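Asks: Here is how the chains run, residue by residue.
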Amino acid sequence: MSQPVILKSNPHGINLILDKNLPFAELKREILKKFKESDKFFRNAKIGLSFEGRQLTKEEEYDILELIAQNTSIEIVCIIDKDELKDAFYAAKIKEFEENSAGKTGEFYKGTLRSGQVIECETSLIVLGDVNPGAKIIAKGNIVVLGSLKGNAYAGAAGDETSFVAALDMDPVQIKIGSVIGRSADRGPLFAIKNRKKVMEPQIAVVMEDAILIEPIIKGLFKR
Amino acid sequence: MSEVIVITSGKGGVGKTTTTANVGTGLAQLNKKVVLIDTDIGLRNLDVVMGLENRIVYNLVDVVEGNCRIKQALIKDKKYPNLCLLPSAQTRDKSSVNPEQMKKLVDELCEEYDYILLDCPAGIEQGFQNAIAAADRAIVVTTPEVSAIRDADRIIGLLEANEINKTHLLVNRLRMDMVKRGDMMSIEDVHEILAIDLIGAVPDDEQIVISTNQGEPLVGSDSLAGQAYMNICHRLLGEEVPLLDLDNKNGVWSKFVGLFKKN
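Protein chains in written order, with the numbering used here: chain A, 305 to 528; chain B, 20 to 282.
Since the hints were derived computationally from the structure, they do not count as laboratory data. Predicted model, so just to flag it, every value in this text is computed and none were measured. For glycine and all other residues, C-beta sits at the position ideal for the given N, C-alpha and C. It cannot be assumed that every hint is accurate.
Below 30 Å or equal to it, Euclidean Cα-Cα: the simulated DSSO-like pairs (lysine-lysine) are [what the hints assert, rightly or not]:
#, chain 1, residue 1, chain 2, residue 2
1, A, Lys344, A, Lys324
2, A, Lys440, A, Lys408
3, A, Lys414, A, Lys338
4, A, Lys440, B, Lys30
5, B, Lys122, B, Lys95
6, B, Lys52, A, Lys502
7, B, Lys30, A, Lys502
8, B, Lys123, B, Lys98
9, B, Lys185, B, Lys122
10, A, Lys440, B, Lys185
11, A, Lys501, B, Lys199
12, A, Lys498, B, Lys30
13, A, Lys324, A, Lys350
14, A, Lys312, A, Lys324
15, B, Lys185, B, Lys30
16, B, Lys185, A, Lys414
17, A, Lys408, A, Lys340
18, A, Lys502, B, Lys122
19, A, Lys399, A, Lys338
20, B, Lys98, B, Lys52
21, B, Lys123, B, Lys51
22, B, Lys122, B, Lys51
23, A, Lys498, B, Lys185
24, B, Lys199, A, Lys498
25, A, Lys350, A, Lys332
26, A, Lys362, A, Lys338
27, A, Lys501, B, Lys30
28, A, Lys501, B, Lys185
29, A, Lys362, A, Lys324
30, B, Lys90, B, Lys51
31, B, Lys30, A, Lys414
32, A, Lys414, A, Lys362
Reference excerpt, derived from the structure (chain A facing chain B, CB under 7 Å, subset only) [stated by the list, open to error]:
#, residue
33, Arg418
34, Ser419
35, Gly420
36, Gln421
37, Asn436
38, Gly438
39, Pro493
40, Ile497
With the hints as extra help, turn the sequences into a complete structure.
Replies: Put into structure tokens, the structure is as follows:
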């Protein structure tokens, strides 16, 4: 075998094909080298890992996982055995994990989004700035705009209609949550500018009975 | 140290070329060495507004392709010897030049001039990319109309993406009578939407049309637009100049009436 360690991607993560005969310490070094080379590519990825070509003991598996966790930014979600049934099971697990984490973790974006600029996010998104008309933010989780939302926002982009969109100043062209779309009132653009709110009033948009409902965020709103 | 300023807007017809001509001439009046470059290849008209069309021998594309030296293509202004124009080519298109060539050209001009003003074409395609490639500052021209403001917003985003962070807003063709009636956005409205440094506002003045047709920029003249452009030049040089009162459109007469109203 020319290469003692080979990385191969599959739909759920990576196949690690290992040399049978190499001493384990040396193998670990090779694995580390491989992952370091591709760390940029996998950056912060959440993947499933499976082993091939060599029977590993539990300790050895644990050793390898430690090695990856400490030296790279890759997050190993689970270990997959070469088994069709288990394969499907873990695939479902990973999918579930991704879906759940969308609403629970978030990313920050600092700066104002101007017309034509688009941000897409696998998790929830917090924007520290304005979202101008013509700009678009898309998140699989929730969206929070600490500024004026005057453009388009699409929360729950993977279909989750329990997601919400909140903004300190809510004046969007369009809001989409899951598959429900709400749009701004029909009024001339000049009217909208002339009658803009002088004081920020934080509001939150949610889906209720297949429509987008926008409510002011007042004291006690979340206790109900 | 020389400065390279691109005058851009996204939307067409908001006054990029007029602004380039007037700001360029104004800076020349303030004793700066200025060169204006028309980057609108195929639709040149800065030369017409400057009244220099009849002097064109070589153009921007000739320089870039090496058919002539820069000196041969530069046209000296009629009034100000420290003001030059590098005209655009009329028979070619935007793809005749690329951003690297523009940078090289501008670098060469930097050695001799204080200010290099680039008149940008409308749109965000190759012509725009060429025009902004060498710039370190930008004047974004807009009128108080929603369509122009949307485009200006997009342009500001693109300028930021290209690491041009010194952007100035110029609100053009403002009509105070309409603003007062609530039929037009005010300077404050536009400034608040676009949220970049405001370098000035120019009123909608028929003198502009007259001066354009004569091929003589009106900057520095007594007209309101002429004063507004001069103020913008001063601000570009870093001076603090208060915003012009665009209200006193009728000049002496309204001041006279105003005196009575106060009492």
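Asks: Taking the hints in turn, state whether each one holds.
Replies: These are the hints, each one checked on the structure:
1. Lys344/A / Lys324/A: With a Cα-Cα distance of about 28 Å, the restraint between Lys344/A and Lys324/A holds, given a limit of 30 Å.
2. Lys440/A / Lys408/A: The given pair, whose Cα atoms are some 21 Å apart, holds under the 30 Å limit.
3. Lys414/A / Lys338/A: violated, 34 Å
4. Lys440/A / Lys30/B: Satisfied, since the Cα-Cα distance of roughly 21 Å is no more than 30 Å.
5. Lys122/B / Lys95/B: holds, 22 Å
6. Lys52/B / Lys502/A: Violated: Lys52/B and Lys502/A sit about 45 Å apart, past 30 Å.
7. Lys30/B / Lys502/A: This hinted pair holds, its Cα atoms lying about 29 Å apart.
8. Lys123/B / Lys98/B: The given pair, whose Cα atoms are some 29 Å apart, holds under the 30 Å limit.
9. Lys185/B / Lys122/B: holds, 18 Å
10. Lys440/A / Lys185/B: Answer holds: Lys440/A to Lys185/B is near 25 Å, not above 30 Å.
11. Lys501/A / Lys199/B: Since the Cα atoms of Lys501/A and Lys199/B sit roughly 19 Å apart, the hinted pair holds (cutoff 30 Å).
12. Lys498/A / Lys30/B: holds, 22 Å
13. Lys324/A / Lys350/A: holds, 27 Å
14. Lys312/A / Lys324/A: holds, 17 Å
15. Lys185/B / Lys30/B: holds, 20 Å
16. Lys185/B / Lys414/A: holds, 19 Å
17. Lys408/A / Lys340/A: It holds: about 29 Å lies between the C-alpha atoms, which stays within 30 Å.
18. Lys502/A / Lys122/B: Judged against 30 Å, a Cα distance of about 44 Å means the pair is violated.
19. Lys399/A / Lys338/A: Between Lys399/A and Lys338/A the Cα gap is close to 26 Å, so the pair holds against 30 Å.
20. Lys98/B / Lys52/B: holds, 13 Å
21. Lys123/B / Lys51/B: Holds: Lys123/B and Lys51/B sit about 22 Å apart, inside 30 Å.
22. Lys122/B / Lys51/B: Roughly 21 Å between the alpha carbons, so the hint for Lys122/B and Lys51/B holds.
23. Lys498/A / Lys185/B: holds, 28 Å
24. Lys199/B / Lys498/A: Since the Cα atoms of Lys199/B and Lys498/A sit roughly 12 Å apart, the hinted pair holds (cutoff 30 Å).
25. Lys350/A / Lys332/A: OK: Lys350/A and Lys332/A at ~21 Å, within 30 Å.
26. Lys362/A / Lys338/A: Distance of about 21 Å is within 30 Å: holds.
27. Lys501/A / Lys30/B: holds, 28 Å
28. Lys501/A / Lys185/B: holds, 29 Å
29. Lys362/A / Lys324/A: holds, 16 Å
30. Lys90/B / Lys51/B: holds, 18 Å
31. Lys30/B / Lys414/A: holds, 28 Å
32. Lys414/A / Lys362/A: Given that 30 Å is the threshold and the Cα spacing comes to 44 Å, the pair is violated.
33. Arg418: holds, 3 Å
34. Ser419: Holds, because the Cβ-Cβ distance from Ser419/A to chain B comes to roughly 4 Å (cut-off 7 Å).
35. Gly420: holds, 5 Å
36. Gln421: holds, 5 Å
37. Asn436: At 5 Å from the nearest chain B Cβ, Asn436/A passes the 7 Å test, so the hint holds.
38. Gly438: At about 6 Å, which falls below the 7 Å cut-off, the nearest Cβ of chain B leaves the hint on Gly438/A intact, so it holds.
39. Pro493: holds, 4 Å
40. Ile497: Given a least distance of 6 Å, the restraint on Ile497/A holds.
Consistency with the previously given hints fails for numbers 3, 6, 18 and 32, ordered from lowest to highest.
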